[in-house]
Amino acid sequence: MSGRLGGLLRGGTALFTAGLLLTAAACGDSAGDTGSSGSSASLPSEIKVVSTNPETGAAAFAGLAANKGYEVAIQEINDQHYLGANTKLVLDKQDTTGKIQTAASQATSAVADKSYTAIFGSVSSQESVAQAPIADKSKMPIIFTQAGSDGVVIGDYTFRVTPPMSSYYPKIADYIKAQHITKLAIIYAAWTPTLKEIGEKTLPGLASQAGFTVVSSIGTQQTTQDFTAPISQALAKQPDGIAILQVGAANPTAMTQLRQAGYKGPVLGNSGASAGNLTPAGANGAGMTWVVDYSSQNKTESSDKFVALYQKKFPSETPLNYAAEAYDAAWLLARGIKEAGSADRTAIMQGMKKTASAGFTGAMGQLKFEGNDLRLPGVVVQWDGTKEILVTG
Amino acid sequence: MLQDLINAVALGSIYLLFALGMSLAWGTIGILNFAHGSIFMFSAFTAYLIVNAVKLPLVAVILIAAIAGAVMSVAVQVLAFEPILRRAKDSRAAEMQILIGGIGVAGVPLAIAQHYTKSNPFGFTNSSFKVDTFDLGGVRITSVQIIIIALALVLGVGIARWLQVSRHGLALRSIGVDPEVSSIMGVDRRRLALTTMTIAGALAGLAGALLTYNLGALTPESGETLILKAFAAIVVGGVGSMAGVVVGSYVLAIAETVVLTQTSGLWVDAVSFGLIFLVLMFRTQGLFGRREVRRT
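First to last, the protein sequences are chains S and Z. Under the numbering used here, the first sequence has 86 at position 86, and the numbering climbs by one with no breaks. Under the numbering used here, the second sequence has 437 at position 44, and the numbering climbs by one with no breaks.
Hints are computed from structural coordinates only; laboratory data are not their basis. We treat Cβ as the ideally placed atom computed from N, Cα and C, and that holds for glycine. Any given hint could be a false lead.
Okay, the calculated beta carbon distance ranges per label pair [to be verified]:
(1) Z/T526 - S/K93: 42 to 48 Å
(2) Z/T518 - S/T361: 37 to 43 Å
(3) S/V90 - Z/L472: 37 to 43 Å
(4) S/D92 - Z/L472: 32 to 38 Å
(5) Z/V651 - S/A207: 27 to 33 Å
(6) S/D150 - Z/T526: 37 to 43 Å
(7) S/D92 - Z/I505: 20 to 26 Å
(8) Z/Q655 - S/T182: 23 to 29 Å
(9) Z/L395 - S/K264: 17 to 23 Å
(10) Z/A543 - S/Q297: 56 to 62 Å
(11) Z/G667 - S/G262: 31 to 37 Å
(12) Z/S521 - S/T386: 15 to 21 Å
(13) S/G371 - Z/V651: 42 to 48 Å
(14) Z/A663 - S/S357: 44 to 50 Å
Below 30 Å or equal to it, Euclidean Cα-Cα: the simulated DSS-like pairs (lysine-lysine) are [what the hints assert, rightly or not]:
(15) S/K48 - Z/K511
(16) Z/K448 - S/K264
(17) S/K137 - S/K48
(18) Z/K511 - S/K305
(19) Z/K523 - S/K387
(20) Z/K511 - S/K196
(21) S/K237 - S/K201
(22) S/K368 - S/K137
(23) Z/K482 - S/K387
(24) Z/K511 - S/K93
Covered stretches of chain Z (in silico footprint by chain S; criterion: 3 or more residues with CB under 8 Å from a CB of chain S, positions within the stretch not fixed) [as the list claims (entries may be wrong)]:
(25) 506 to 517
(26) 607 to 613
Work out the full structure: start from the sequences and follow the hints.
Written out as structure tokens, the structure is:
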């Protein structure tokens, strides 16, 4: 009840803020400011952006959540008349269906369609790596979320509003030490660039800092559905900690089979276990711990504001990190457009660069960029069998 | 070592349960049904929807999935494959069109399940059956793995024997050898085709339910991965040979387990699918396939 009341109060504050911004925009227009940085007078009535995300396929849980984040942000931007009283940001959505070729051809089509000023790239690293060079070479601003591998942020026109997992995953080191893990076995999805990097480089790289040795490292493939053999191989080395770095349904399966194999120790995971993916594992899933860039459990003013906005649009849903990242990505674009004072693609890229350089406060907190790439400290969360709980903020 | 063997046998049994229905339809009535994976998944998904509403035991869940699989399989035969067979110019064209038609049909249940689950994994958490784990002198095996191994062997051997000795089985095999001659000899091809597709669908549903219990969860895309494994097992064993698909499934699973336990795991698909290549190089009809059974 108090949460809803808080939401209403925050909603009122947002309306008041929107009114102030509208007044400010009107004053700017009347002052005859045309085309200088920060002006919205020369913006067209519609600025179109296309989200190319998997709405079906194995990564759909992330793509759909990201699209919700874009929707929340764009509604807020338009409601506030952030780009001016006569300018609206319009979101188109295209389903990459989890296929690299589809994602690439959608990026090519968006580049060719002059009505689009920017692209929200796919959450899937495999798809993003294909989209990035297409957009960058064609001077089309593209903003990625979640896709954390190398080869995504490759030039001036490519931005990423998700820190690479390898940049915040080291936060797990404190948890490893606290659990007194000295012998770690790693079972990782070698077919995803992000998890391959975490499994082969990032996690082993923490060994001396966190005081463990990697006793077993087993890569699995996209076709692996039964994990009894890799788990058996890992347990043969008698580890006191296991990292299961998998995507989607592989997480509940691996956790179920790990517990059935008699292992009761700590399990490290990754954000691929988020979005309720561990639910089918029931109690067997409890204890998996991983690092995310954002958790709505981490109570901060900016996060609470985002959660309230999100739940106003999607009642009774808790926003996932994918939605928070997309929300901040949409705001990076809006701020970039406002900074540019133009819907020109190159001007928007330059506007986003300025915005990234200055940083801003978003759903995920105070956002700081290294070039075009976001950096955040991350938070450690754990699955308790039914939901994610915060381990460290 | 013994644990690895148990794991390999359990994995082979999973492949076998999935591949049995596909092999039966392909080896007898010549239907290479690429919608088999979708039927497998959607049967489990149907059971999942019902289990979510009503707490059910293992047997009831398996029955629901098997019935759903049988109904879907017959529907695919009647609505998609029979019209293709009627209109195709010759048997070669029909086989190709059925293959493509199966891929097309598979997209429908896949899209429905993806839309409903948003591609999140689903499992039978609301089922009253809970998986037990037994520790036999350091070797661990679950109750579902025992059921899967037992059912796979019983069904594999049972179907092979049924095809060899029963009148229906012999009639089915005669269709596989020469459909026209079998018709002249009084074999009701349509009725037998529908029976075969019913059994194949029920087997897909059975496999779907058991695999969901075994893995803890499936996704709408799970069938797509397994269909490749089943295809490999059937080709290695020999199309048209039920003994072949039994052996092919276990050969594939043992090869994968050996590779996984002896290497970093990245060579699993390369080695297991390399096996197919080798078999096809030196024995084109597969380990147990007979040339005369192959359709032309």
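Hints versus structure:
no. : hint                        : in the structure
1   : Z/T526 - S/K93: 42 to 48 Å  : 44 Å, holds
2   : Z/T518 - S/T361: 37 to 43 Å : 39 Å, holds
3   : S/V90 - Z/L472: 37 to 43 Å  : 41 Å, holds
4   : S/D92 - Z/L472: 32 to 38 Å  : 35 Å, holds
5   : Z/V651 - S/A207: 27 to 33 Å : 29 Å, holds
6   : S/D150 - Z/T526: 37 to 43 Å : 41 Å, holds
7   : S/D92 - Z/I505: 20 to 26 Å  : 25 Å, holds
8   : Z/Q655 - S/T182: 23 to 29 Å : 26 Å, holds
9   : Z/L395 - S/K264: 17 to 23 Å : 22 Å, holds
10  : Z/A543 - S/Q297: 56 to 62 Å : 45 Å, violated
11  : Z/G667 - S/G262: 31 to 37 Å : 33 Å, holds
12  : Z/S521 - S/T386: 15 to 21 Å : 19 Å, holds
13  : S/G371 - Z/V651: 42 to 48 Å : 46 Å, holds
14  : Z/A663 - S/S357: 44 to 50 Å : 46 Å, holds
15  : S/K48 - Z/K511              : 26 Å, holds
16  : Z/K448 - S/K264             : 28 Å, holds
17  : S/K137 - S/K48              : 20 Å, holds
18  : Z/K511 - S/K305             : 26 Å, holds
19  : Z/K523 - S/K387             : 21 Å, holds
20  : Z/K511 - S/K196             : 25 Å, holds
21  : S/K237 - S/K201             : 20 Å, holds
22  : S/K368 - S/K137             : 26 Å, holds
23  : Z/K482 - S/K387             : 57 Å, violated
24  : Z/K511 - S/K93              : 16 Å, holds
25  : 506 to 517                  : holds (count 8)
26  : 607 to 613                  : holds (count 6)
When held up to the earlier numbered hints, the structure conflicts with 10 and 23 and fits the remainder.
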